[in-house]
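Q: Work from the hints to combine the two standalone chains into their complex.
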Amino acid sequence: MDFSFPKEYQLFRRMVRDFVENEVRPLTRKIDHEHRVPFETIEKAGKLGLMGVPFPQKYGGVGAGETGYCILMEELNKVCASTATVIGAHTGIGAMAIYLDGTEEQKQKYLVPLAKGEKIGAFALTEPGAGSDAAAITTRAVRDGDDYILNGTKTFITNGGHADIISVMAVTDPSLGARGGVTAFIVEKEFPGFSVGTSEDKMGIRGSNTAELIFEDCRVPKENVLGQFGAGFITFMKSLDIGRVGLGAGCLGGAQACLEGSIQWAKTRQQFGMPIAHKQSVHFMIADMATEIEALRSLIYRTAWLVDTGQPFTKEAAMCKLYGSEVAHRCIDRALQIHGGIGYSRDFWVEHAFRDQRIAEIYEGTSEIQRIVIATNIFRPEGVRISA
Amino acid sequence: MDFALNEEQRMFQKMFRDFVTNEVAPLAEEIDHEEKPPLALLPKAAVQGFLGALLPEEFAGVGLDAISYCLLLEELARACTSTAMTISVHNGLVSKTILDNGSDEQKGKYLEAMAFGERIGSFALTEPAAGSDVTALETRAKRDGEDYVLNGRKTWASNGGIADIFLVFAVTDPEAGDKGISAFIVERDTPGFKVGYREPTLGLRGLTCNTLYLDDCGLSAANLLGQEGEGFKIAMKALDFARLSLSAICLGGAQAALEVGVQFAIEHEEFGGPIALKQAIQNFIADTAAEIEALRYLVYHTAWVADTGEPYTRDASMAKLIGSEVAMRAANKMLQMHGGFGYMREYAIERMYRDFRALQIVEGTSEIQRFIIARDILKENGITIEP
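Those sequence lines, one after another, are chains X and R.
When the letters of the first sequence are read in order and numbered with this note's numbering, they come out as residues 1 to 388.
When the letters of the second sequence are read in order and numbered with this note's numbering, they come out as residues 1001 to 1387.
Keep in mind that the hints were calculated from the coordinates and are not lab data.
Any given hint might turn out to be false.
As the list claims (entries may be wrong) - Here are the simulated DSS-like pairs of lysine-lysine, each with C-alpha atoms no more than 25 angstroms apart in a straight line:
1) Lys189/X <-> Lys44/X
2) Lys1379/R <-> Lys267/X
3) Lys189/X <-> Lys238/X
4) Lys1379/R <-> Lys279/X
5) Lys109/X <-> Lys58/X
6) Lys189/X <-> Lys47/X
Stated by the list, open to error - Derived list of chain X stretches under chain R, where covered just means 3 residues or more per stretch with a C-beta under 8 angstroms from a C-beta of chain R:
7) 295-302
8) 379-385
As the list claims (entries may be wrong) - Far from chain X, by Cβ distances over 12 angstroms, these chain R residues were calculated:
9) Thr1021
10) Glu1035
11) Glu1058
12) Lys1194
Just so it is clear, CB atoms sit at the ideal spot from N, CA and C, and this is done for glycine as well.
The shape of chain R in the complex, shown without the other chains (with noise of 0.2 angstroms):
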C-alpha cells in the first residue's frame, strides 16, 4: 500500500496549481457574472498540453493517468467549476472517447486538432425525453446507402456553444433497444446541423449548453464511431470516465469551499471575535473538512483501480454520488457561515453553491448512480434489478 502521490504527480499537481492560480482564478468571477465560456483561458490550456490531457504523444496529447487528470479537474475546479467542466467534457467525454472507439482515420482526423484546442468537443446524448433513461432516445440515425441520415433534437449539449465537433447519439435499429443506438461524430459546419439555444442555467454560468437540432443531417459511415450499435456501450463506458472526472471536480470545488470558509472565518469579527473561535463554526469546518478528507482517497482508490485497467463503473458511480452531495454540503455549511455575505455575489461561495448544485445532477443524477451502484451489488448476490 502507498497513499502517496509520485514524484511526477507531485510535479504535475504543482504545475496544475500555479497555471490555476495565474490563469484560471482571476478570470472565474467574471465567467460567472457574464456567463461566459473560458474562451481566452483554452488556448492557454492547450500549450500546457491541459486539452490533450488524456491523448497519447501520438495526438500531441500528454498522456495522464487516470490520477494526474483527477490531480488536473481538482485543482481547476478549485478555481471555477465551469472552466473544469468545459475542459472536463472535452477531453474525458470527447476526444478519449475517439481515441478509445475511433478508427485511425478519425483519430487522424480530430485528436491533434483537439490536443491543439482548435477544436473543442461536445457531447451530445441527453434528450427532451431521455435523461436519466438513455434507452428512451428518439434521435434517428436512418441508413442511406453508405451514408446516415440524422433527424432529432439534443437537449443541454455541454460545451454546444463552443465545439466544433459533437458526438451524437442516435437510434440506428428502434427494435434493438439499447443495442440499435449508434454514435456519429459531427461537425459544427455540416448541413442539416444546427446548434440552437443556450440555456440560462442556475450555476456552471461559464458552461455552454445548448438544444441541437438535426434536420436531415447527412453523415457519412466516416462519422460513425465504433460500429452500429455500439452507441450505448460508448456512451455508458465514457460515462464511467466522465463521472470519475466529475469526482475530482466536486473535490476540487468542495476544497475550496472549505477554504474560503476558513478565510472567512479568521476575518469576520462577532461578539468581540473571529467567529472562528465559535464552536458552531468549527463544527461547520470539521465536518466539512473530514468528509472531504474521505472523500479524496475514495477519488483517487477510483483513478487507481481505473489506472489498472480493472472495471470502475460502481467505484466511479459511489465517487460521483458522495463526491456532488459532499460538494453541496460543504457549500451549504460555508454559505451559512457567511451568514448575510454568503448570499453575495461579491463572495465566491455564492457562485459555488449554484455551481455545486448542478454536479448533483450531471453525467447521471444521485438517483442513477444510486441505482448502479445497488444494481452492482445485488447481482453479486444473485439479484438482477431495473431502473
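In isolation and in its complexed conformation, chain X is listed as follows (with noise of 0.2 angstroms):
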C-alpha cells in the first residue's frame, strides 16, 4: 500500500489552490448574491485545463483521471460550492457520458470543446414525475426519418441555461422500459425545439444555474444518439455512479473548510476571560470533524483509485456520496454552533456555507438512493435482488 500522492498530483492541487484562491475567493459573496459564476471565472478554469480533468489529453483534458478530479472538486468545495458544482455537473456527468459512450466522431465534436472549456455541458435527466424513480421518465423520442423528434420536459438541470451541450434520456420504447427503452441523446442548444424555461430560486449554490429544458418537437439527428440505442439508462447511471466519487471529494473540501475556518474562529472568539479554543467543548467538535474527514479522505482516493485503476466502484462511489455529504452536513453543523450568533449571519462565510451543504444530501441521488445501491451491491452476491 501507499498513501502518498504522486508529484505530479502535488503540483496539480497547487495549481487549483492557486486559482481557487486568485480567481474564485474573492467572488464568492458575489456570486451567492448575484445567483451566477461569472463566465469569465469559468473561461480562465477553462484555461487551465480545469474543464476537463478526467479525460485524455487526446480529448482536450488534463489526462488526471478521477484522482485529480477528486483533488480539483475538494479544492473548489472548499472555497465556492457553486463553482464547484458548476463545473462538476459539466464535466462530472454532462461531459463524461460522452466520454463513456460516446463515438469517437461525438468524442471530437463534442468532449473535445467541452473539456476545453469552450462549450458547456449539462446532463438531463430529471423529469416533474421522475426524480429518484429516473426510470419513469416520460420525455419521448420518435424516429423521423434521419431524426428523432424529442418532446418532454426536463427539470432541475443544473447549466440548463447556460449549457451548449447536454446529454439527455429519452424514451424510445414506452413497452421496453428502462432497460431497452430509454436512449440517451446529445443535443446542442442550437437544436430547433429546445427551449430553457424557468431557473430555480434555491437555498444555496445559488451562483449554479438550476434550470427547465423544454423539448417541443426537438430534432435531433440519429447520430447524435449517444451510447447504444436503447442503453440510455445504462449510460446515464454510469455517468452518476463515476459522479458521486467526485461529489464525496467536493463534500470533503466542505468539510475541510469548517474545520479550518472554526479553528481560526475559536483562536480569536473570546469567551469567559479566555479564546474559545481553550473549551473542551470546542476541542471535541474540532476533533470529530478532524476525524470524520480523516475517514472520508481515505475512503475518497482510495474510490477513486478504483475508478483510476479499472476496478470495480459502484457500491464505493455511492458510499462516497453518502458519508461524505453527512460528514459535511455534521461538519457545517459544528462549524456554526461554534460560530454562535455570528455564524447565523449572512454577513459571514458559515451562513453561506450551511445552505450551499445541504444540496449534497439530494442531487445526483439522495442518499436514500446511495443506500439503495450501496444495499443492492451488498446483497446481490448473497443471491438477493431488492428493488427500489
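A: Structure follows, in C-alpha cells:
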C-alpha cells in the first residue's frame, strides 16, 4: 500500500489552489448574491484545463483521471460550492456521459470543446415525475427519417440555462421500460425545438443555474444517439456512478473548510476570559470533525484509485457520496455551533456554507438512493435482489 | 498511490482468515459464556507465529509490518473480540514495548518465551484514581540502593489472569510529574506481587482484567524498562500502537456485525418475505457498510504511516475514536435489525454489542482521543491546551 500522492498530483493541487484563491475566493459572496458564476471565471478555468480534468489529453483534457478530478472538486468546494457545482455538472456527468459511451466522432465534436471549456455541458435526466425513480421518465423520442423528435420537460438541470451541449435521456420504446426502452442523446442548444424554461431560486449553490429544459418537437440527428440505442439508462447510471466520487470529494473540501474556519474562529473568539479554543466542548467538536474528515479522505481517494485502476467501484462511489454528504452536514453544523450567533449572520461565510451544503444530500441521487445502491451491491452476491 | 495489499499481505490475510475460521470462530461463544480466557487457542496461535507477530526473527517472531498486523487483529476480531484483545495486549503493549525499550538482556530473557506463548504479557498502567489522567499514578517505586521497592495497586490489568510478565508503571520521583514515572517488568512469581480480583465485565468476557497488588515488591535494576523517568514516554508510545491495534479490532468487529446482520436479513422473514427486502433494513446495512469502508482505509492509512516511521499519534487516536464509534453503531443497528433475536445470547450480535461497548473506553476513552486529536491540531495553530 502507498497512501502518498505522487508529485504530479501535488503540483496539480497547488495549481488548482492558486486558481481557487486568486480567481474564486474574492467572488464567492458576489456569486451567492448575484446567482451566477461569472463567465470569465469559467473561461479562466477552461484555459487552465480545469473543465476537463479527468479526460485524456487527446480529448482536450488534462488526463488526471478521477484522482485529479477529486482534487479539483475538493479544492473548489473548500471555497465555493456554486463554482464546484457548475464545473462538476459540466465535467463529472455532462461531458462524462459522452466520454464513457460516445463514438470517436462524438468525442471529437463534443467532448473536445467541453473539455477545453469552450462549451458548457449539462446532464438532463430529472423530470417533474421522475426524480429518484429515474426509470419513470416520460420525455419521448420518436424516429422521423434520419432524426429523432424529442418531446418532454426536464427539471432541476444544473447549468441548464447556460449549457451548449446537453446529454439527454428519453424514452424510445415505452413497452421496454428503463432496460432497453430508454436512449441517451446529445442535444445542442441550437437544435430547433429546444428551449430553456424557468430557473429555480434555491436555498444554496445559488451561483449555479438550475433550469427547466423544454423539448417541443426538438429535432436531433440520429448521429447524436449517445451509446447503444436503448441503453441510455445504463449510460446515465454509469455517469452518475462516477460522478458520485467527485461529489464526495467536494464534500471533503467543504468539511475541511469548516474545520479550518472553526479553528481560526476559536482562536480569536474570547469568552469567559479566554479564547474558546481552550474549552473542551470546542476541542471535541474540532476532534470529531477532523476524525470524520480523515476517514472520508481515505475513502474518497481509495475509491478514485479504484476508478483509475479499472476496478469495480459502484458501491464505493455511493459510499463516498452518502458518507461524504453526511460528514459535510455534521461539520457545517458544528462549525455554525462554534461560531454561535455570528454563524447565523448572512455577513459571514458560515451561513452561506450552511445553505450550500444541504444540497449534497439530495442532488445526483439522494442519500436514500445511495443506500439502495449500496444495499443492492451488498445483497446481490448473496443471491438477494432488491428493488427500490 | 496504491491502495492494494501487496502479495505477502494478501497471503497473510488468507492465512489469518483460515486460522480464525477453523480455530477461533468455533470457540467464540464458549469463551464468552464461560468467561474463560482463550488458553486453548494460544498455543495454536503461537505455532502460527501470532504471539511473536511484531518481533524479529532473532526472538522467534515473524516481524509483521503494521498493515499486516492490523489484518491479523481484524481477522481475529471478526470471530472473537476477547481473543483479539488478549493477543493484541500481549504483542502490541507488552512484547513490542520490551523490544522497543528493553536492554539486550531483557529482550533475550523474555521475548522468545513470549513469541512461543510460554509467557503471556499484561500491561498495568491504570489505577483506581488514575484512569484517563495517567499522571495521577500513586503506585510508588522507591529506590533501595541498586534495587526498587514497589507499593501500590493496579486495576483492570488486561490479561492479568493469564499473564506471566507484567509491565507495571510506577512513580520513581513524585516531584517530577510525568517525568517521574518509570516502567518495570514484573514476573508473576515475584515476592510481594499478587494478582487479585478479576473484574466481571459487561463484555470482552474472555479477556481477564485483574487488580494487581504490589506490597513491598522488591525488584532489581534489571527489571527497570528503559531509563528511570521514561515510563510515561514508554507508555504513551505503547498506547499509540495500541490504539492503532484497537482500531483494527474495531474494523474486524464492525465487519463481523455487518456480516451477521446481512445473513439474518436474508434468512429472517416478515410480511411474507426476507426483511432484506425492506428499505428500513437496507438503510441500516448501507449506512454501516459505508462507515466501515471509510474506517477501513483510515485504519490502513494509519498503519501505513506507522510503517513509514513517521509520527502517527493523531492518526491512531482518530482511527481509535471513529473505529470504536463505528463498531458500536454497527452492533447497535444490526441488533435492532435482529429484533428480539438480537437480545438473545444465542445470537452473536448480542455478544458483539456487549463486547464493542468496551472499545470506546479501553486504551483511552473516546474523550481522551478527542483531547489528543484537538491538542495536536490546535498545537499546529499555535494554541496549547490542557486536558
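Q: Could you work out which earlier hints the structure fails to respect and list their numbers in ascending sequence?
A: Result: no hint breaks.
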